[in-house]
Amino acid sequence: MNYHVNLFGGSEQQLAKLVTEYCRLVTQPELSSQDAQSITEIVSYSRYDQELNYWLCQADQLIDYQLSTGAIPDYDLVVSSLSIKNLAYNLTRVPSHQVTFETFKELVTQTKLKHRFLEQYISFNKQHFSRKAIFQTTALTIYMIGWKPGQGTTAHHHGQSLDAIFVYKGEMTHRFPNQDECLEPDKMPSRPGELFGENELVCIDRKQCHLMANNSSKNLVTLHFRFGTPPDNINWVTNISECKPAAIWSNSNAHIEEICSLMNA
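When you read off a place in the sequence shown, starting at 1, and then add 21, the result is the number in my numbering.
Honestly, the hints are just simulated from the structure, not real lab data.
Some clues are possibly wrong.
Derived SDA-like pairs: lysine to any residue, alpha-carbon spacing no greater than 25 Å straight-line [claimed, not checked]: (1) K133 <-> S182; (2) K190 <-> T159; (3) K169 <-> H179; (4) K147 <-> K228; (5) K147 <-> H195; (6) K106 <-> P94; (7) K106 <-> P116; (8) K228 <-> F197; (9) K228 <-> G214; (10) K106 <-> C78; (11) K135 <-> Q181; (12) K169 <-> K190; (13) K153 <-> Y86; (14) K169 <-> S237; (15) K169 <-> P252; (16) K135 <-> F197; (17) K126 <-> Q181; (18) K133 <-> H195.
Given the structure is predicted, the values throughout are model-derived calculations rather than measurements.
I would like the entire structure built from these sequences, with the hints used as guidance.
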């Protein structure tokens, strides 16, 4: 059974705490007797809690896959992967057109990815902004974009997709131009731009026109969540289909092993 619980939401703090602590303990290179006892206690709790048992099994599956590739189990990768999976599952509980802007924003806001996990997806290009994929399904794409000073986009919208942009490093200038100005993408919008600093989030509704730029003198890095049609391949650093998976998840609905497109850079 797949549990579509908001694992990292406010109402599930105890569940998230136990899962996170379990991941921290089992990815340590060496365990003390106290650590082993703590693992045993958490596992014992899961015998009476199906949701906890489900998420511990997901963590074990990620760790087993890392071990099968010869990699050392990585806490940041495991926890970030679970957070992404939690987001993907919660966004697919209902048909995509029923996911409201407010629900999307709330779920993305609760999705916390580790800095060391994200650092591997940062890249820059002197000619244009550089986009690097982290995760992709038919409904959700997560990626990082590196912007050199002066780089930006023209006015555009993303059709029926919902978008969230998280400023990871630097300062982003973002605008919501008038809809008619979207028909003239090279024309400077009449509305002033708004500055977003590190750890700030801006969300874009379906068919909402916007543009963004790095007007500062320093590099800018943004983390993007696209719920709907993924961006085209322009400015992708690598083809997402060619990247090596960092995790394999079981898709119980299709009764097959689904390769999760969480890539190692």
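Evaluation of the provided hints:
| no. | hint | verdict |
| --- | --- | --- |
| 1 | K133 <-> S182 | holds (21 Å) |
| 2 | K190 <-> T159 | violated (28 Å) |
| 3 | K169 <-> H179 | holds (23 Å) |
| 4 | K147 <-> K228 | violated (30 Å) |
| 5 | K147 <-> H195 | holds (21 Å) |
| 6 | K106 <-> P94 | holds (18 Å) |
| 7 | K106 <-> P116 | holds (17 Å) |
| 8 | K228 <-> F197 | holds (11 Å) |
| 9 | K228 <-> G214 | holds (19 Å) |
| 10 | K106 <-> C78 | holds (13 Å) |
| 11 | K135 <-> Q181 | violated (29 Å) |
| 12 | K169 <-> K190 | holds (12 Å) |
| 13 | K153 <-> Y86 | holds (23 Å) |
| 14 | K169 <-> S237 | holds (9 Å) |
| 15 | K169 <-> P252 | holds (20 Å) |
| 16 | K135 <-> F197 | violated (29 Å) |
| 17 | K126 <-> Q181 | holds (15 Å) |
| 18 | K133 <-> H195 | holds (22 Å) |
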